[in-house]
Amino acid sequence: MTVRTRLLDREVGRALSSVSAAAKRGLGDPALAELVVIRASQLNHCAFCLDMHLTAARELGVSERQLDMMAAWEEAEGVFDERERAALALTEAVTVLTEGFVPDQVYARAAAHFDEGQLAHLIGLITAINNWNRVMVSRRIEPGGYPS
Amino acid sequence: MTTAHEAPYAPEHSPRLDWAKHAPEVYKAMVRLDAAARRGLDPTLLELVKIRASQLNHCAFCLDMHTKDALAAGESVERIIQLGAWEESRHFYTEKELAAIELTEAVTVITDSFVPDEVYERAAEQFEEAELAQLIAAITVINAWNRFGVSTRMVPGHYKAGQHK
Chain A
1 MTVRTRLLDR
11 EVGRALSSVS
21 AAAKRGLGDP
31 ALAELVVIRA
41 SQLNHCAFCL
51 DMHLTAAREL
61 GVSERQLDMM
71 AAWEEAEGVF
81 DERERAALAL
91 TEAVTVLTEG
101 FVPDQVYARA
111 AAHFDEGQLA
121 HLIGLITAIN
131 NWNRVMVSRR
141 IEPGGYPS
Chain B
1 MTTAHEAPYA
11 PEHSPRLDWA
21 KHAPEVYKAM
31 VRLDAAARRG
41 LDPTLLELVK
51 IRASQLNHCA
61 FCLDMHTKDA
71 LAAGESVERI
81 IQLGAWEESR
91 HFYTEKELAA
101 IELTEAVTVI
111 TDSFVPDEVY
121 ERAAEQFEEA
131 ELAQLIAAIT
141 VINAWNRFGV
151 STRMVPGHYK
161 AGQHK
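Top line first, the protein sequences correspond to chains A and B. Under the working numbering, the first residue of the first sequence carries the number 1, and numbering increases by one thereafter. Under the working numbering, the first residue of the second sequence carries the number 1, and numbering increases by one thereafter.
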């Protein structure tokens, strides 16, 4: 596997970071943010992003059990609480837009656990990791560059 | 007898959430990102990219906005309509536009697969490296606007050409 290009305009990179930072700050739940980011990166097959965020999640104390069961969270009873499950369902819907809209029940489930400010930032965070997934996968940036 | 022509349209829906009001720092960063990603790209090509990504992501608000902006900038109705079937209407577009549209599809639908080598290579033949990096950034940014538009159900129909320029 060869990296296609490492080029990314400096101002683009800075603005991508600002979107992520603002969304994460507004959500105010770093462990939940890592769950969201990891699930989106799984769906988008971003090796660099998975490597980076699995490391970050472990540093934050996210359990190995949650990380192991993430790809099957719907069937993993007792591993994720209702708020986490609502956030993961929204993450999947907002990430896989090409297959349909964001269903009302998925949105309503998220709105039951997050107030409007948190929800706006959660949508921002899902969008922000989708941004990184796209710029990393398109350029085929290799995993492992993230310092642990 | 009532004809379809006389029947009233379905009622307009409401947005789910005014996300920019609730997350103003995220919105400001998105506007900065948008401005940074469009630098160095041909505006005509960029609108085609934005319309095609918005079609794939089913973003009604984004389609309203970008088709109006494209038409106001002199784009033809034919080229906008044919975008949905560009593979069979290649003679409406330049080779450079076709490479960009194909890359747009691959980068937009990454949940289905990676970005195929042949798609990337065709784009790399038409765009030099820095321009290609900007194109990838621009495709990413319209995907981001599509996500905000669809998830908060922004309402199409009210955009005036040039309003967000």
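Simulated from the structure, these hints should not be mistaken for lab results. It should be emphasised that the depicted structure is a prediction, and the values quoted were computed from it without experimental measurement. One thing to keep in mind: the hints can contain errors.
Said to hold, decoys possible - Derived coverage of chain B by chain A (criterion: at least 3 residues anywhere in the stretch with Cβ under 8 Å from a Cβ of chain A; other residues may be distant):
1. 5 to 16
2. 36 to 42
3. 48 to 62
4. 66 to 75
5. 117 to 131
Note that CB positions come from ideal geometry on N, CA and C, so glycine has one too.
Verification of the supplied hints:
Residues of the stretch 5 to 16 of chain B lying with their CB closer than 8 Å to a CB of chain A number 1, which falls below the three-residue condition for coverage. Counting residues of the stretch 36 to 42 of chain B whose CB lies closer than 8 Å to any CB of chain A gives 3, which reaches the minimum of 3, so the coverage claim holds. For the stretch 48 to 62 of chain B, the assignment as covered by chain A holds, since 4 residues bring a beta-carbon within under 8 Å of that chain's beta-carbons and 3 suffice. Coverage of the stretch 66 to 75 of chain B by chain A is violated. Counting CB-CB distances below 8 Å, 0 residues qualify, and the rule asks for three or more.
Using a Cβ-Cβ cut-off of 8 Å, 4 residues of the stretch 117 to 131 of chain B lie near chain A, which meets the minimum of three, so the contact claim holds.
Violated hints for the displayed structure, listed by number in ascending order: 1 and 4.
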